[in-house]
Amino acid sequence: KEQSLSLEAFAQLLCSPGNALADPAKRSLFQDMTQPLFAYFVDTSHNTYLEGNQLSSRSSVLRYVEVLRAGCRSVEVDVWDGVDGEPVVKHGYTVTTEILFQDVIQAIADHAFVASEYPVIMSIEQH
1 KEQSLSLEAF AQLLCSPGNA LADPAKRSLF QDMTQPLFAY FVDTSHNTYL
51 EGNQLSSRSS VLRYVEVLRA GCRSVEVDVW DGVDGEPVVK HGYTVTTEIL
101 FQDVIQAIAD HAFVASEYPV IMSIEQH
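Just so we're aligned: 93 in our numbering is position 93 of the sequence shown, and the numbers increase by one with no gaps anywhere.
Keep in mind that the hints are not guaranteed to be accurate.
Here are the computed distance ranges between Cβ atoms for each label pair [to be verified]:
1) Ala9 x Asp103: 19 to 25 angstroms
2) Gln31 x Leu7: 18 to 24 angstroms
3) Leu7 x Ala70: 14 to 20 angstroms
Keep in mind the hints are simulated off the structure, nothing from the lab. Beta carbons: idealized from backbone N, C-alpha and C, even for Gly.
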């Protein structure tokens, strides 16, 4: 049987630090980082939790880990009431899967400052 990468594994390979054009450890900071937040362009992520399209794809806590470790400074969390009253993260009114809000917050706490010391903006849409 011939072995090959899945589409997800191929995407992870393309976005991995080992495939970067420049070594992030060797990049020097060239901006004045004392200005107000509105003075900067911020790496952001929309529907951060989704692994694919916003109608039928899988939701994953690992997406937060990946984008934060890639330097993203703004993530989106769509929060809905879960079946047992525990908050969940999902794309509402679609057939995407859901993940626990608690797991998302823990992932953000664990990985927010791995790639950067600068603040992380959390856009929480509470439905």
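Hint check results:
Evaluation of the 19 to 25 angstroms hint for alanine 9 and aspartate 103 yields a pass: the beta carbon distance comes to about 22 angstroms. A hinted range of 18 to 24 angstroms for the beta carbons of glutamine 31 and leucine 7 is inconsistent with their spacing of about 36 angstroms. Hint check: leucine 7 to alanine 70, Cβ distance near 18 angstroms, so the stated range 14 to 20 angstroms holds.
Hint 2 from the list above is the single one not met by this structure.
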